[in-house]
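For the record, the sequence lines run as chains A and B.
As numbered in our numbering, residues 1 to 387 make up the first sequence, in order.
As numbered in our numbering, residues 1 to 383 make up the second sequence, in order.
Don't take every hint at face value.
[Said to hold, decoys possible] Over the 12 Å line for every Cβ pair with chain B, so calculated as not near, a few chain A residues:
no.: 1; residue: Asp-45
no.: 2; residue: Glu-52
no.: 3; residue: Lys-134
no.: 4; residue: Thr-142
no.: 5; residue: Gln-206
no.: 6; residue: Glu-221
no.: 7; residue: Ala-245
no.: 8; residue: Gly-295
no.: 9; residue: Leu-302
no.: 10; residue: Leu-352
[As the list claims (entries may be wrong)] In silico contact screen, one side only, chain B against chain A (beta carbon under 10 Å); selected entries:
no.: 11; residue: Ser-28
no.: 12; residue: Ile-38
no.: 13; residue: Pro-231
no.: 14; residue: Ala-253
no.: 15; residue: Ala-271
no.: 16; residue: Ala-356
no.: 17; residue: Ala-357
Just so you know, these hints were derived from the structure itself, not from any lab.
Source: prediction; values computed, not measured.
Positions of the beta carbon are idealized from the N, C-alpha and C atoms, including for glycine.
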Amino acid sequence: MAIPISYNIRNLRLRTGATLMTALGIALTVTIAIFIMALLAGLRDAFATSGEPTNVLVLRKGSNSELAAGGVAREAMQTLKDLPGIAKNSQGDTLVSGEDILVIVLPRKDGTGETNVTMRFLTPVGLEMRSKVKIVAGRWFTPGQREIVVSKSIHDRFSQTNIGDTMFFGKGNWTVVGVFDSGGSAHESEIWADINQLASDLDRTQYSSVLMKATDPVSAESLKNRVSDDQRLKLNGMLETEYYARQTSTGGPIKMVGLFVAFIMAIGSIFAAMNTMYAAVAYRAREIATLRVIGFSRPSILTSFVLESLLLALLGALVGIVLMLPFNGMTTGTSNPVTFSEAVFRLRMTPLVVSWAIIFAVVMGVLGGLAPAWHASRREILASLRD
Amino acid sequence: MTLTRFVTKNAFRNKRRTALTVSSIALSLLLLTLMMTIWRAFYMDQGSVESSQRLITRHKVSLVFDLPAYYREKIRALPGVKHVVNEQWFGGQYKDQKPENMFAQFGTDPQEFFDVYKDLHIPPDQLQAWQKDRAGCVVDAELAKKHGWQIGDRLFIKGTIFPMNLELNIRGIFTATQPTESIYFNSTYIDEGYPPLKGLVGFYGVLANSAEDVPKVASQIDEQFRNVERPTKTESEHAFQLGWIAMMGNVKAFILSICLAVVFAILLVSANTMAMSIRERTREVALLKTLGFTQGRVLGLFVGEAMAMSILGGVVGTIIAVGVIRAASKAPGLNFFLGGVHVGIPTMLVALLVAAAVGFVSAFLPAYHASRGNIVEGLRHIG
Numbered sequence: 001m002a003i004p005i006s007y008n009i010r011n012l013r014l015r016t017g018a019t020l021m022t023a024l025g026i027a028l029t030v031t032i033a034i035f036i037m038a039l040l041a042g043l044r045d046a047f048a049t050s051g052e053p054t055n056v057l058v059l060r061k062g063s064n065s066e067l068a069a070g071g072v073a074r075e076a077m078q079t080l081k082d083l084p085g086i087a088k089n090s091q092g093d094t095l096v097s098g099e100d101i102l103v104i105v106l107p108r109k110d111g112t113g114e115t116n117v118t119m120r121f122l123t124p125v126g127l128e129m130r131s132k133v134k135i136v137a138g139r140w141f142t143p144g145q146r147e148i149v150v151s152k153s154i155h156d157r158f159s160q161t162n163i164g165d166t167m168f169f170g171k172g173n174w175t176v177v178g179v180f181d182s183g184g185s186a187h188e189s190e191i192w193a194d195i196n197q198l199a200s201d202l203d204r205t206q207y208s209s210v211l212m213k214a215t216d217p218v219s220a221e222s223l224k225n226r227v228s229d230d231q232r233l234k235l236n237g238m239l240e241t242e243y244y245a246r247q248t249s250t251g252g253p254i255k256m257v258g259l260f261v262a263f264i265m266a267i268g269s270i271f272a273a274m275n276t277m278y279a280a281v282a283y284r285a286r287e288i289a290t291l292r293v294i295g296f297s298r299p300s301i302l303t304s305f306v307l308e309s310l311l312l313a314l315l316g317a318l319v320g321i322v323l324m325l326p327f328n329g330m331t332t333g334t335s336n337p338v339t340f341s342e343a344v345f346r347l348r349m350t351p352l353v354v355s356w357a358i359i360f361a362v363v364m365g366v367l368g369g370l371a372p373a374w375h376a377s378r379r380e381i382l383a384s385l386r387d
Numbered sequence: 001m002t003l004t005r006f007v008t009k010n011a012f013r014n015k016r017r018t019a020l021t022v023s024s025i026a027l028s029l030l031l032l033t034l035m036m037t038i039w040r041a042f043y044m045d046q047g048s049v050e051s052s053q054r055l056i057t058r059h060k061v062s063l064v065f066d067l068p069a070y071y072r073e074k075i076r077a078l079p080g081v082k083h084v085v086n087e088q089w090f091g092g093q094y095k096d097q098k099p100e101n102m103f104a105q106f107g108t109d110p111q112e113f114f115d116v117y118k119d120l121h122i123p124p125d126q127l128q129a130w131q132k133d134r135a136g137c138v139v140d141a142e143l144a145k146k147h148g149w150q151i152g153d154r155l156f157i158k159g160t161i162f163p164m165n166l167e168l169n170i171r172g173i174f175t176a177t178q179p180t181e182s183i184y185f186n187s188t189y190i191d192e193g194y195p196p197l198k199g200l201v202g203f204y205g206v207l208a209n210s211a212e213d214v215p216k217v218a219s220q221i222d223e224q225f226r227n228v229e230r231p232t233k234t235e236s237e238h239a240f241q242l243g244w245i246a247m248m249g250n251v252k253a254f255i256l257s258i259c260l261a262v263v264f265a266i267l268l269v270s271a272n273t274m275a276m277s278i279r280e281r282t283r284e285v286a287l288l289k290t291l292g293f294t295q296g297r298v299l300g301l302f303v304g305e306a307m308a309m310s311i312l313g314g315v316v317g318t319i320i321a322v323g324v325i326r327a328a329s330k331a332p333g334l335n336f337f338l339g340g341v342h343v344g345i346p347t348m349l350v351a352l353l354v355a356a357a358v359g360f361v362s363a364f365l366p367a368y369h370a371s372r373g374n375i376v377e378g379l380r381h382i383g
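Input sequences plus hints: build the corresponding full structure.
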């Protein structure tokens with residue numbers, strides 16, 4: 001017969017101090033684990049929602065990043081535009097956008113120094129091809145003007161990015177005229193401006209990449225192969241979604257450091273839980289013997305103590321989750337090894353993250369409770385009663 | 001029986017509990033020591049004497065914009081400047097994209113490179129061989145050891161940023177006080193392989209006459225190239241490296257919050273253990289007091305016990321940390337940031353101090369209560 005769970009709950013409440021301290025220790029570990037997982041989930045999310053399955057990105061052969069020097073020659077554009085399977089907009093323009101990427105340095109608003117920010121130069125057709133991106137303040141840039149629009153995250157995180165602010169590069173000052181929202185995609189880390197103005201400012205004769213919209217995902221696949229197979233072009237086509245999926249490696253350092261810290265802290269918490277449970281077992285030696293005398297079996301004593309440790313851990317998990325709640329949705333950034341600039345993303349406590357945190361706590365509770373519970377169930381009844 | 005012996009005896013009375021507590025504290029202090037070491041390496045180390053004399057001049061807007069090659073002579077003409085050398089990051093790929101095959105390749109001027117980077121040492125005959133071979137390169141000794149390279153070997157580097165590949169002959173192996181994870185080759189190779197880059201330079205390494213000249217030289221350079229098409233930004237080598245760390249995100253806040261969580265966690269573990277063991281000994285405390293031990297002495301005994309345990313944990317933790325840092329500074333992917341980093345004596349002392357403080361704080365309250373307890377009540381206590 002199983003020992004009722006209310007027995008464990010009452011025991012935990014009896015030793016409030018020890019229970020709270022152990023649970024808080026577990027909570028701290030859970031908090032760190034959630035923090036790391038939420039960071040990674042946010043990053044993954046930013047790249048997973050980036051790109052559209054019908055978009056094909058064209059880069060120079062051998063290059064894996066839009067930032068690489070030497071891209072797509074302007075003359076190749078016509079060849080690309082004539083390929084079959086490309087969608088047209090309502091005005092009958094082919095949806096092919098020659099684009100360029102620059103990296104500029106901007107100071108962070110919170111005073112933690114300067115960092116690289118990606119600037120994308122494109123045409124109004126390029127804007128049209130990103131259907132998820134919406135303007136939220138001001139207006140889009142006017143072609144032929146030194147005007148730029150910044151993403152909402154960039155606007156929130158960096159100084160010099162309010163509407164009306166200017167930044168100098170190329171041959172003059174570029175004015176911020178609008179703020180856009182990309183719905184959490186990788187464009188959230190970008191500043192956009194007109195490509196033709198840039199080309200004349202910096203004498204750029206090439207695009208660093210070309211984005212093409214296919215009529216449907218199937219033609220996107222064949223479009224991609226056509227570009228890569230064309231010997232004259234020396235270009236490489238890939239689905240836009242594939243390109244961004246590769247950049248999830250951005251979270252590498254966070255993942256490595258975070259997992260290491262969480263792992264070490266988890267072992268520490270398991271030891272602490274063991275300590276508390278051993279003390280509980282020692283303290284209740286006579287009680288356990290009495291339970292055995294009444295007729296509770298060894299397995300049910302074992303289960304009962306493991307359960308108690310589990311309850312302790314779950315309490316810790318709950319506190320940990322509550323402690324992390326205020327950070328949910330916080331915007332932060334890290335450097336993207338593909339573009340060498342800041343990838344902005346939000347902390348996301350997804351249901352998956354929360355479930356992993358609970359599993360993590362359960363594992364700590366079970367591992368911490370198993371040995372003491374085993375000892376409790378093995379005790380000699382007579383010796384314990386005489387103690 | 002002396003007091004110290006009494007404390008140690010008591011500390012190891014419940015061996016299992018002591019072992020668990022000490023290991024738990026040791027793990028936390030391991031993390032604390034690691035974080036403090038990283039912090040020190042990133043933000044407090046000023047680098048070698050030579051490094052503090054060096055500056056990096058780059059395009060003001062971003063490192064991806066190039067600077068004209070003629071800036072070099074203009075910078076050289078400034079007072080306080082001893083040597084200037086051009087550098088271009090090639091960003092190529094050796095073998096494959098695996099992290100263990102990643103290292104930096106820079107195009108530079110073999111005639112002046114080692115004058116600016118005086119802390120890199122190369123035998124004179126190897127330097128001459130490099131200067132004579134336009135397709136030659138010099139490699140870091142650690143890197144050469146890792147990949148098994150020898151002088152005369154050929155390296156094939158695939159260009160990913162520039163549309164060209166490099167086929168280099170290893171002409172020299174240089175040693176550095178800190179692993180650089182880099183190879184250097186003649187920048188004319190890029191100029192000829194990718195003509196759009198001819199006459200352009202990625203950034204300049206500048207050696208000032210002395211460390212005191214560094215701020216002056218920096219402002220002079222930037223002043224000279226302020227109202228031109230390609231303005232510059234010059235900073236000390238240390239500040240330049242900090243910029244890379246800042247790009248990873250808010251590293252300072254990340255490290256600080258982990259440190260705080262860890263310290264709080266050890267405090268909880270230690271306090272819990274002490275509270276448990278003191279409570280079990282209520283009757284003993286009463287007995288000690290009957291024997292004539294004063295309140296202060298009883299308090300001292302418990303606090304001493306807690307401090308002994310946490311300091312032991314601290315010692316174990318820092319020893320493991322030394323090993324972990326040693327392993328991490330050689331691990332692929334981490335060595336770029338942690339190369340040459342070691343746990344310093346001050347860091348260890350701080351860790352031990354934290355351990356001692358945690359021991360003190362955690363034991364004080366329960367011990368204080370125990371020492372003030374009523375003797376008769378205590379003797380009657382059944383634990």
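Outcome of the hint check:
1. Asp-45: About 17 Å separates Asp-45 (chain A) from the closest Cβ of chain B, which puts it past 12 Å; holds.
2. Glu-52: Consistent with the label, Glu-52 (chain A) stays out of reach of chain B, its closest Cβ about 25 Å off (over 12 Å).
3. Lys-134: 27 Å, holds
4. Thr-142: Consistent with the label, Thr-142 (chain A) stays out of reach of chain B, its closest Cβ about 23 Å off (over 12 Å).
5. Gln-206: 9 Å, violated
6. Glu-221: 24 Å, holds
7. Ala-245: Check passes; 15 Å lies beyond 12 Å.
8. Gly-295: 26 Å, holds
9. Leu-302: 18 Å, holds
10. Leu-352: 22 Å, holds
11. Ser-28: Interface hint status for Ser-28 (chain B): holds (5 Å vs cutoff 10 Å).
12. Ile-38: Because about 9 Å separates Ile-38 (chain B) from the closest Cβ in chain A, which is inside the 10 Å limit, the hint holds.
13. Pro-231: For Pro-231 (chain B), the interface hint holds, since the closest Cβ of chain A sits about 8 Å away, which is under 10 Å.
14. Ala-253: Hint on Ala-253 (chain B): holds, closest Cβ of chain A at ~8 Å, below 10 Å.
15. Ala-271: Since the shortest Cβ distance to chain A is 6 Å, the answer is holds.
16. Ala-356: 18 Å, violated
17. Ala-357: Status violated, d = 18 Å.
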